[in-house]
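K.L.:
Mind docking chain B with the ligands on chain A? Use the hints.
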Amino acid sequence: MTMTDCASCADERAAGAAFCEACGRALGAPCPNCGIPGGVGEDGYCQNCGMLAGRPRDHIDIDCGEVAAAVTDRGRRHHRNEDAMWLAVRGGDVDVVVSDGVSASFDPDVASETAAGTAGALLAESPDVSAAILGAKRAVAELASTGDPRRATSNPACTIVVATVRGAEINIGWVGDSRAYWLPPEGPAEQLTEDDSWATHAIAMGADPIAAMQDPKAHAITAWLGADASPVLPRTGAFTVVGAGHLVLCSDGLWNYLPDPESFASTVRAHLHAGGTLISAARSLVEFANAAGGADNITVALIPVSSPAPAPDSSPATDSAPATDSAVDSAPATADEPVKE
Amino acid sequence: MPYTAEAFQNEFLALGATEVNAIITVTSSGSEGGRRTAGATEIIIVDASGSMQAEGRISAARQAAKAAVECIDDGVNFAIIAGVSTAQQLFPAPGQLAVSSPQTRADAVRSIDRLQASGGTAMGAWLLLAAQLFAQRPGDIAHAILLTDGDNGERHGYLEQVLDSIAGRFTCDCRGVGVNWKVSELRKIATALLGTVDIVAQPSGLTAAFEQMMTKAMGKTSADVQLKVWTPVNASVRFVKQVEPEVMDLTGKRTEDGPRAGRYPLGSWGAESRDYHVCIDVPAGAAGDEMLAARVSVVEGDTVHAQSLVRAVWTEDTVLSAKINRQVAHYTGQAELADAIQAGIEARKAGDDRTATIKFGRAAQLAHASGNKATEELLATVVDIEDAATGTVRLRRKVEAADEMALDTRSTKTVRVGRSQ
Ligand SMILES: [Zn+2]
Ligand SMILES: [Zn+2]
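So the protein lines, in turn, are chains A and B.
Heads up: the first sequence begins at 1109 in the working numbering, then just goes up one per residue.
Heads up: the second sequence begins at 11 in the working numbering, then just goes up one per residue.
In isolation and in its complexed conformation, chain A is listed as follows (with noise of 0.2 Å):
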């Protein structure tokens, strides 16, 4: 059996050279899966068993060292990564995006993608998380009208949230069930946003949540964003922080194992304390889900945020109920509004 060759000209003499003998190109880089030198062409598939070498989404580390860390990573059971995030970083300030493309539409990792990069990209010139989750909106609507003929069918979806931390003052805003949360330093964890989800709006509507989350169409999202999507406002929310915490946003690959706010704390703090760094504590989080199945994309953001001088009650304060501002919420769906699995 020949043991490798140029990919550019086939020539078998390459074999563990770095250059190919006969053409003098360079060789590809090792490939991942059976380990032949040069063995990964252009087209990022090995030339000898024509494995992908690894989609460059797969997973993805953004460390901002002490402001701000996010990963996110294709799992164990999905065969690409329909998560998308964004994480920007000036001074003290931070914008951060974490979206997830809805796998029954075509082309979900692009309408996460455009949605983490269009409303990051607006929140770098105004810190307005409605007109960013609005600008993003229209962006993935978009998708269904260009590119391949099948998104015409069945349109890029995914779902956003997005927020922004300037100083204590935290502005959060979402459509689906992609979750922010305030992690104060003991006690559970508080879920700023509200699942746009069909077992959430059961559970609203006086359904037993126990039952309701065990439905089938539990994790049925009734809000995304895409050219379908009704004209539902985004919900948002206002915070100034009192003491220190953690601010989470995650998709639904990490929550899924951590249902209640209790096990949820417990186990982002641990993380936290176990590895010393942001960056370490959200590898590992995403790490934790892989090894209780990785059923779903994962992505996890971790910003630490405090008043500038700590008081001694540590918990958000705001001035309505934590995961809405009643001024700028709109109207959770109703129960004949169409659902996306």
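Derived by calculation from the structure, the hints in this document are not laboratory data.
Restraint-style ranges between C-beta atoms, simulated for each label pair:
# : chain 1 : residue 1 : chain 2 : residue 2 : range
1 : A       : E1150     : B       : R248      : 21 to 29 Å
2 : A       : S1253     : B       : P255      : 30 to 38 Å
3 : B       : A281      : A       : P1257     : 18 to 26 Å
4 : A       : S1338     : B       : V329      : 21 to 29 Å
5 : A       : A1260     : B       : E170      : 50 to 58 Å
6 : A       : A1399     : B       : K383      : 52 to 60 Å
Example chain B residues on the side facing chain A (calculated, C-beta under 7 Å, incomplete):
#  : residue
7  : P242
8  : V243
9  : G298
10 : E300
11 : M301
12 : V323
13 : T325
14 : E326
Note that beta-carbon positions come from the ideal geometry of N, C-alpha and C, so glycine has one too.
P.N.:
Then chain B with the ligands, alone, in the frame of chain A:
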């Protein structure tokens, strides 16, 4: 670049699955300005055996050959072979090729008047002479028309031996006139030489058939196009089939081309589109693995005209892996349709009516479901189709030989997805 190659497949495989299927649509807009990129040579082979005297076949064959000559473009090389127990060159002088012009075509037409029916049938010898004449012009778009009305009279195995030695040198469209020739014999020639086979039941139909074949041949602008298939280590090509405009298995025609790659001949091309079904066996991957199962390119010599990737992505998501690509399903059905018809004809000939009824029933069902109306109509000449949807048919007691032969020769003709429905 006038060629495109587009892959249609469901790349998602269930865990443990190792079979990758894709339909590759190759389309060419023809060479620039419709000009041939190579020279062209045409050879017309007309059976002049004694049996051709019957039913005015020889005079119809003369008319048809003349009409075909008139279709040859200026500048194209050509020759006419009279097929008897040996191969006799009718035009121009033995061992020569003529260059088409109004003058040479008129000379050829006069020489066709000398064509007389007497002697035997020796298709191997006829094809061998054609190959020798084509050999004078390597690189030409080389095409022959073969007309016969009977069985080959050469010793058993000789024709196969000749076909082995000349395969790939030229393409050959075969036509049988009347009903005393064997479909299997002409199909053997057409398959080896990448041509078509059909019946011309009535001698009066020959002129139109010859004109149509020659006009199509004149539209070819590239001589020798090939499909190159690269597969990764531990993978193998199960089959490569042309599936549109008709089914033709190319698997056995592979020639190796460097490590893990092989070339399959596609013959000459003009402005046209054809579909190929590629099936690859690969080692199973883990959930999330993505493999390049095949890199399929359309090549001519060292030139790569177009390329397309056949991928395999393993997933636990059974909703994704359970979907069968529409094109793959359609052409799998069209190939099964051709097989069912041929098996039905074999069974009927062997007197096994039960098997014949089952096979024709399945064929009727497949033809109906895929919108292949032409084949459904041909089937209706051999069986009474009571319910095409369920494949309920009854064998006809009296079947015209010409109808059964037409069904046999045209059983491989396919339709595209959604077309003609
Ligand atoms: Zn490899
Ligand atoms: Zn998800």
